[in-house]
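Peer 1: Sequence:
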Amino acid sequence: MKLIYSLYAILFCGYLYGQSSFIQPPFTPAATRLNGYQQRLQAAENSLANQIPFKSIGPAVFSGRVADVAVSPKDPTHFYVAYASGGLWKTENNGMSFQPLFDQEIVMTIGDIAVDWTRNTIWVGTGEVNSSRSSYAGVGMFKSEDGGKTWQHRGLEESHHIGRVVLHPTNPNIVWVAVLGHLYSPNQERGVYKTSDGGKTWQQTLFVHENAGAVDLVVDPTNPNVLYASTWERTRRAWDFVESGEGSGIYKSTDGGNTWTLQIIASSGFPMGEGTGRIGLAMYKDKNKSVLYAILDNYFRRPKKEEETKKEVLVKNDFKTMTQSEFLALDEKKLTTFLRDNGFARKYDAKTVFDLVKTNKIKPVALAEYLEDANSLLFDTEVIGAEVYRSDNGGKTWTKPMINT
0 MKLIYSLYAI LFCGYLYGQS SFIQPPFTPA ATRLNGYQQR LQAAENSLAN
50 QIPFKSIGPA VFSGRVADVA VSPKDPTHFY VAYASGGLWK TENNGMSFQP
100 LFDQEIVMTI GDIAVDWTRN TIWVGTGEVN SSRSSYAGVG MFKSEDGGKT
150 WQHRGLEESH HIGRVVLHPT NPNIVWVAVL GHLYSPNQER GVYKTSDGGK
200 TWQQTLFVHE NAGAVDLVVD PTNPNVLYAS TWERTRRAWD FVESGEGSGI
250 YKSTDGGNTW TLQIIASSGF PMGEGTGRIG LAMYKDKNKS VLYAILDNYF
300 RRPKKEEETK KEVLVKNDFK TMTQSEFLAL DEKKLTTFLR DNGFARKYDA
350 KTVFDLVKTN KIKPVALAEY LEDANSLLFD TEVIGAEVYR SDNGGKTWTK
400 PMINT
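Under numbering that gives the first Met the number 0, read the sequence shown as residues 0 to 404, first letter to last.
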């Protein structure tokens with residue numbers, strides 16, 4: 000318990016004095032990680048256990064997260080299943096048995112796959128696209144031209160987490176990739192990438208900023224030169240997760256993904272700003288037009304209910320707009336209860352905090368900021384949550400379809 004209180008004290012002092020005591024270490028470069036794979040292969044070859052055969056002893060109850068499924072358009076019993084941290088599997092008998100295809104590569108984590116069924120070509124974007132502490136990074140794109148028997152690494156090493164892989168419907172050399180980027184650190188290799196030579200080279204055609212990457216990507220079924228990409232601003236730390244921001248948005252390209260235009264503006268009807276979170280996209284052809292759907296993880300706060308303004312105890316949000324004079328007029332017992340209930344270090348009693356505010360060493364909002372982590376945002380404060388939007392004019396304007404319940 001002493002260790003826990005000490006950590007609380009360190010964190011709180013950082014907020015109190017406006018100085019961060021955390022120095023973020025640099026991320027491990029892709030070259031080092033790729034070299035580590037070669038070292039692992041060498042160690043496995045020299046291992047004393049190398050000659051001991053392994054055999055399956057049956058399925059496990061917990062099998063992990065499925066990241067994507069690709070089904071043959073001609074034979075639905077033939078499909079591929081990609082796992083977030085369990086590689087790629089193939090079945091040709093409707094799931095009665097599966098064959099692993101990605102066990103010998105540098106990573107097992109997958110964000111998305113795309114299959115060219117005509118040419119027996121599989122594209123794998125590595126790195127799970129979710130943001131849990133167990134979402135391990137990938138090392139870019141892989142390609143197989145023989146149905147998964149052999150693989151070639153096709154670049155984008157610093158992508159870490161890939162949200163979507165989209166193939167051109169008629170040109171096998173053109174592929175678009177939505178790169179979310181590093182989970183725990185900012186990086187420039189985020190956004191939308193395009194290859195026109197089958198993955199030999201890539202061009203970054205959409206970049207927002209170092210903390211916002213592309214999370215989803217769709218192509219218009221009536222015109223492959225028209226694409227839509229969604230970006231997501233997120234900041235993950237071991238102790239926190241901010242999953243929305245102004246870098247989240249929807250972009251449109253009309254020249255095959257070479258240039259992009261932001262579709263979310265003030266008059267579009269789609270939420271924009273600090274509360275805009277992750278966006279998923281889907282598109283279909285309706286008669287003579289294409290309809291675009293977006294599901295938004297909306298982190299804007301719900302309006303306060305009337306009864307919430309009549310609380311007899313202090314809550315975190317009370318301090319966000321509180322002035323110095325209002326704070327100093329607080330009841331000392333109420334402030335003591337708030338500090339104890341929220342795990343503040345014992346040395347920060349009501350008298351000490353009153354003195355810090357009175358001498359302008361901190362502002363009242365510091366007490367709220369100290370508690371503003373991923374858990375408080377998720378559980379203590381109500382957000383709007385998931386919403387579905389529809390656009391019938393290429394993303395210019397958006398409406399929320401009525402849902403009957």
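Just so you know, the hints here were simulated from the structure itself, not pulled from any lab data.
Careful: at least some of the hints might be erroneous.
Unchecked claim - Listed below are the simulated BS3-like cross-link pairs for lysine-lysine, each with C-alpha atoms no more than 30 Å apart in a straight line:
1) Lys-332 with Lys-350
2) Lys-357 with Lys-346
3) Lys-251 with Lys-286
4) Lys-89 with Lys-54
5) Lys-89 with Lys-73
6) Lys-315 with Lys-350
As the list claims (entries may be wrong) - Here are the in silico distance ranges between beta carbons for each label pair:
7) Leu-261 with Gln-151: 52 to 60 Å
8) Pro-171 with Lys-148: 50 to 58 Å
9) Ile-294 with Gln-38: 41 to 49 Å
10) Asn-49 with Pro-400: 56 to 64 Å
11) Leu-47 with Asp-254: 36 to 44 Å
12) Gly-272 with Gln-103: 41 to 49 Å
13) Pro-25 with Gly-384: 52 to 60 Å
14) Asn-129 with Lys-284: 27 to 35 Å
15) Val-364 with Gly-384: 23 to 31 Å
Here the structure is a predicted model, which is why all the values come from computation and not from measurement.
Just so you know, even glycine gets a beta-carbon here, dropped at the ideal spot from N, CA and C.
Peer 1: Decide, hint by hint, whether the structure agrees.
Peer 2: Hint-by-hint comparison with the structure:
no.	hint	result
1	Lys-332 with Lys-350	10 Å, holds
2	Lys-357 with Lys-346	17 Å, holds
3	Lys-251 with Lys-286	21 Å, holds
4	Lys-89 with Lys-54	19 Å, holds
5	Lys-89 with Lys-73	16 Å, holds
6	Lys-315 with Lys-350	18 Å, holds
7	Leu-261 with Gln-151: 52 to 60 Å	35 Å, violated
8	Pro-171 with Lys-148: 50 to 58 Å	18 Å, violated
9	Ile-294 with Gln-38: 41 to 49 Å	42 Å, holds
10	Asn-49 with Pro-400: 56 to 64 Å	58 Å, holds
11	Leu-47 with Asp-254: 36 to 44 Å	58 Å, violated
12	Gly-272 with Gln-103: 41 to 49 Å	46 Å, holds
13	Pro-25 with Gly-384: 52 to 60 Å	36 Å, violated
14	Asn-129 with Lys-284: 27 to 35 Å	30 Å, holds
15	Val-364 with Gly-384: 23 to 31 Å	25 Å, holds
Against the hints set out earlier in the document, violations occur for numbers 7, 8, 11, 13.
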